[in-house]
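Per the working numbering: the sequence shown = residues 1 to 124.
Honestly, I wouldn't trust all of these hints.
[To be verified] Just the calculated beta-carbon pair ranges, DEER-fashion:
hint, residue 1, residue 2, range
1, D119, N56, 34 to 44 Å
2, D93, D119, 29 to 39 Å
3, E97, D47, 17 to 27 Å
4, D93, A6, 16 to 26 Å
Bear in mind the hints are in silico, worked out from the structure with no lab data behind them.
Even glycine gets a Cβ: it sits at the ideal position worked out from N, Cα and C.
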Amino acid sequence: MTMSEAAKSFTFISRSPPYGSNRPQLCLDAALATAVFEQEVNYLFLDDGVFQLMRNQQGDAIQAKTLGNAIETLDLYGIDNVLVDADSLRRRDLAAEDLLLEAKVVSEDEVRELLARSDFVVNL
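Sequences are here, hints too, so could you generate the full structure?
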């Protein structure tokens, strides 16, 4: 594999709550599509995006697909680097134990480092 063929590092940042817009679904779809092409995918939840990771979501109560069900499949696509911003959790009175999947809780400095070493950043 030459340098031009080497896998690139993509970081997807999901900032929106799970319902009320199509942004979370667009971010998820883009991350899954990128992973299919064997690229390195980091999936970072910031701000209200941390609500996408809440256990026991019931999208059908508002006639929507439950986004949490789809997020639980990230590992099936080879997306193992799922991260959540510690400050975003704290500001929303959430803890890692409240999340539907195991995500690495990261500091602001770790987020900055991740973004600096990523080839591409998609911010939704």
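Structure-based check of each hint:
no.	hint	result
1	D119 x N56: 34 to 44 Å	holds (36 Å)
2	D93 x D119: 29 to 39 Å	holds (35 Å)
3	E97 x D47: 17 to 27 Å	holds (20 Å)
4	D93 x A6: 16 to 26 Å	violated (42 Å)
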